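K.L.:
Okay, here's what each chain looks like letter by letter:
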Amino acid sequence: MATDTSASPVTGLDALELGPPPPTKEWTPARIAAKVWQSLWPKALALIIVLVAWQLVVTSGWKSPYVLPGPGPVFDELRHEITTAAFWNAILITMRRALIGFSIAIVIGTTVGAAVAAFRPLRAAIGSLITGLQTMPSVVWFPFAILLFKISEGAIMFVVILGAAPSIANGLISGIDYVPPTWKRVGKVLGMRGLSLYRHLILPASLPSFVSGTKQGWTFAWRSLMAGELLVIVVGQLSLGARLQGARDLNDAPSLLAFIIVILFIGILVDIAFNAADNALRRRWGLTQT
Amino acid sequence: MTLARSEPVETDAARWDAAVRLDAVSKTYGRGPASLLALDRVSLTVAPGEFVCILGASGCGKSTLLSLVAGLDPVTSGSIDTGTHRVALMFQEPALFPWLTVTGNVEIALRMRGVPRPDRRTLAIRLLETVRLHGFEHKRPHELSGGMRQRVALARALAQDADVLLMDEPFGALDAMTRDLLHDEIERIWRERSLTVLFVTHNVREAVRLGDRVVLLSSRPGRVLEEYPVGIPRPRRIDSADVAGLAATITDTLRAEVARHGH
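So the sequence lines, in the order shown, correspond to chains A and B. Numbered by the numbering used here, the letters in the first sequence go through residues 1 to 290 in order. Numbered by the numbering used here, the letters in the second sequence go through residues 291 to 553 in order.
Derived by calculation from the structure, the hints in this document are not laboratory data. The structure displayed is predicted, hence computed values, not measured ones. Ideal Cβ positions, reconstructed from N, Cα and C, are used throughout, including at glycine. There's no promise every hint is true.
So, partial list: chain B residues that the calculated Cβ filter (under 7 Å) puts toward chain A [what the hints assert, rightly or not]:
1. Leu362
2. Pro364
3. Ala385
4. Met402
5. Arg422
6. His432
7. Ser435
8. Met438
9. Leu471
When you get a sec, could you build the whole thing from the sequences and use the hints?
P.N.:
Given below as structure tokens:
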């Protein structure tokens with residue numbers, strides 16, 4: 001602040017109002033370790049509670065260990081599985097389906113959402129239909145999907161997209177609806193019209209709602225995908241769902257539970273990624289109190 | 291082209307060289323029996339370089355008046371002429387975009403004006419220096435205080451390269467100390483850039499502190515009730531005896547006008 005303009009009561013008041021800058025903390029190894037421990041121990045504790053409860057149920061002899069194995073055999077199975085190429089191939093097949101289906105759902109959901117938000121007659125016509133679709137359990141679509149696409153990837157994709165797109169569209173619609181009127185007036189004053197109004201104001205302003213719609217869309221896509229992989233087993237495509245179904249057919253309980261754990265783990269990882277994106281956005285916008 | 295600020299504007303020169311001219315402007319909201327007459331044949335001429343404060347109680351249509359001049363709303367009857375002047379409007383809320391940095395918020399106005407990309411950054415930083423926000427270019431709006439945000443909004447309005455600045459109670463939500471300092475700032479910028487300012491407020495002292503002329507509007511509907519030329523030499527202080535004296539006179543008229551609605 002070398003300019004002479006800084007020597008004014010206004011800048012003095014700024015300094016007083018903002019207060020001293022927060023002390024910058026150095027990232028020493030000890031601090032990083034403390035931070036990691038702080039975020040990890042609740043999760044570790046939760047894991048321990050689940051494992052203990054699980055082991056207690058097994059030990060109680062409620063079901064034979066043949067049907068309900070304890071954590072020990074299941075994790076042995078899992079440890080063995082992750083060394084095989086087939087395991088990673090299954091994850092690859094499933095995640096590829098998830099990503100492609102979800103991406104198409106984003107494109108369709110965004111297009112439909114933007115169109116519905118922009119054109120009043122369209123909203124009257126299909127606005128409530130989208131919300132209706134959102135409440136549909138996606139499994140309901142499978143008989144129709146199989147009729148349309150036979151037992152194929154197409155049938156799975158169809159249901160994944162139908163599951164995810166309505167949430168994404170609805171997220172965008174409500175984001176656009178709740179753009180504060182004062183921002184729109186500013187946009188008008190600055191000369192934003194038509195497309196530039198969308199590009200510079202309405203779309204960025206609706207981003208937080210769009211992100212939470214997308215997050216919800218992902219959970220629907222993931223559920224639909226798992227249901228689809230159990231129902232529609234494409235020959236030669238040993239996906240996670242197909243492996244799960246296969247383990248049941250062979251009465252291989254440890255393998256079955258191992259795959260359930262893998263599916264749970266993937267779900268948690270993606271959720272963490274979405275939350276990180278959501279939090280970063282909120283921090284930028286100043287919607288969180290540190 | 292220079293015009294003495296204290297001169298009455300109804301001279302022939304001013305009539306031909308007005309920055310903003312409102313001629314019998316009326317604004318009605320709604321239709322039929324439910325319609326509301328917000329402004330009733332308001333005529334007002336603002337000379338280039340003049341600082342005019344529009345004062346009135348609630349319901350006098352002062353914000354409506356600025357929306358009409360800015361072209362955000364159509365007039366019901368009458369006409370508004372801003373000639374070749376460019377008009378910028380500032381609101382009571384800073385209404386900055388939270389997804390942009392302080393500089394980004396100024397740059398977006400430059401972009402909409404058609405300033406080429408390489409020039410935007412330097413121009414934006416210069417405008418932020420004008421409002422004394424040097425060193426805050428990379429902050430986000432939520433990291434600033436209320437007064438600082440309003441100065442970013444001012445920089446954004448200046449970025450529109452307007453010579454007519456419409457201000458709708460811009461300091462209404464700020465504390466007295468900040469407001470007092472921003473009066474000095476807006477007065478400095480008005481003089482440095484030879485702006486024409488149309489400043490709406492319900493604060494009588496603020497109007498007298500800033501204006502070359504104070505236009506008092508009646509409430510429901512808004513009509514021009516009285517005009518007060520402010521002959522107090524600048525720089526003025528909001529707590530000086532001269533400002534307080536004229537403010538007291540205007541307040542009496544304003545109170546009588548508000549009392550008229552009390553039954």
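K.L.:
Would you mind marking each hint as holding or not holding in the structure?
P.N.:
Quick rundown of the hints versus the structure:
1. Leu362: holds (6 Å)
2. Pro364: Hint on proline 364 of chain B: violated, closest Cβ of chain A at ~13 Å, above 7 Å.
3. Ala385: holds (4 Å)
4. Met402: Where the cut-off is 7 Å and the nearest Cβ of chain A is about 5 Å from methionine 402 of chain B, the hint holds.
5. Arg422: holds (5 Å)
6. His432: Because about 2 Å separates histidine 432 of chain B from the closest Cβ in chain A, which is inside the 7 Å limit, the hint holds.
7. Ser435: holds (4 Å)
8. Met438: holds (6 Å)
9. Leu471: holds (5 Å)
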